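K.L.:
Using the sequences provided together with the hints, build the complete structure.
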Amino acid sequence: MRGASAGLAAAIGTAALALAATAALAGDNYATERKAITLSPAQTQFILRCGGCHGTLGESPQKSVPTLRRSVGYFLCTPEGRDYIARLPNVSRSPLTDQQLTDVINWVAFELGEHSAPAGAVRYTVEEIAAARARPLHAPALNDYRRGIVTKLVKSCGAPRAMLEYGRPRKL
Amino acid sequence: MGRFDIDNISERFARRLAGGTSRRSVLSRLGLALVAAPVFPLLPVERGKAHAQAPAEPVLSDFQKNAQTKDDTQCNYWRYCAIDGSLCTCCGGGVHTCPAGTQPSLTSWVGTCYNPDDKRSYLIAYRDCCGTSSCGHCSCDNTEEATPAYRPQGNNEIIWCFGTSSMAYHCSTAALVGVAS
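As you go down the protein sequences, you meet chains A and B in turn. Heads up: the first sequence begins at 1 in the working numbering, then just goes up one per residue. Heads up: the second sequence begins at 1001 in the working numbering, then just goes up one per residue.
This list has only true hints and no planted wrong ones.
Each computed DSSO-like pair below joins lysine-lysine, with the alpha-carbon atoms no more than 27 Å apart:
| # | chain 1 | residue 1 | chain 2 | residue 2 |
| --- | --- | --- | --- | --- |
| 1 | A | LYS152 | A | LYS63 |
| 2 | B | LYS1065 | A | LYS35 |
| 3 | A | LYS35 | B | LYS1070 |
| 4 | B | LYS1119 | B | LYS1065 |
| 5 | A | LYS155 | A | LYS63 |
| 6 | B | LYS1119 | B | LYS1070 |
| 7 | B | LYS1119 | A | LYS35 |
Derived coverage of chain A by chain B (criterion: at least 3 residues anywhere in the stretch with Cβ under 8 Å from a Cβ of chain B; other residues may be distant):
| # | region |
| --- | --- |
| 8 | 37-47 |
| 9 | 53-59 |
Just so you know, these hints were derived from the structure itself, not from any lab. Quantities reported herein were computed from a predicted structural model and do not represent experimental measurements. Ideal Cβ placement from N, Cα and C applies to all residues, glycine included.
P.N.:
Written out as structure tokens, the structure reads:
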């Protein structure tokens, strides 16, 4: 576990995980608290509401949960992709105000997504998010709907093929 | 010369003031003001402001009232405010490390726990250790901010072993993610 977390930290190279790994090696719980980074309000809400499944650093097991880090910004490449991530059931129905959700989704798309958002992509506005929440996605076949959107992102926007892993039938 | 000769009026006022007050009386009044000032330290407005600036005492939940920061093998250790399952600290692991032979889950649920020592709230990820049968020691069930299972991202009864090779649950860790804001 310690070796694994140190390896992961090196791969991801973020301050947060590096701190956690350092503390794990030191075996001193108080050091962890002293060195803990203060998260921004948007990051706090992301970790609290989304980070369990998507990973606190946006790294998740791709087949079970879509990975956001360095990927999620590709959705902003097409109008339907941009619309899709704002209207996802757990996004649009999250227990956040329109302003909070706007801050979180912008943080996710532009910070967590790193450079995956296209160069000209604009940030979501509160009005846009409020409108998206008024019509949440409830397509029964949500995985199929996602696959259609992501296939286009892979073809036209240079999105990684790994984004198609999610929802793919497992070999039993 | 008009009726409102400002020069004359102000001259008369200044002479009357000079004749009627001594330097000593000015000093004594000033002194009195200086001595009396601390007796009335704050006007009500200022007092209200001062109160607002003082750190507000948080309203503590039952868990927070009994939480301690020393023994991470007890259910009331502060980081366990929303843990459900066996503590990995009783199963050969640590507060954020899995016992040998188990695999840390890549998914978890995340809660906010209050540290009574430094009085800050931290985000805690309850990462399960998976891959072998349940450890069974030190079973705890704390439910701060827990949500029903249809809001699974806040539910602690779910076995969070997604992404590992086995869904067999062994024990739970409580990794500190950062300070909430």
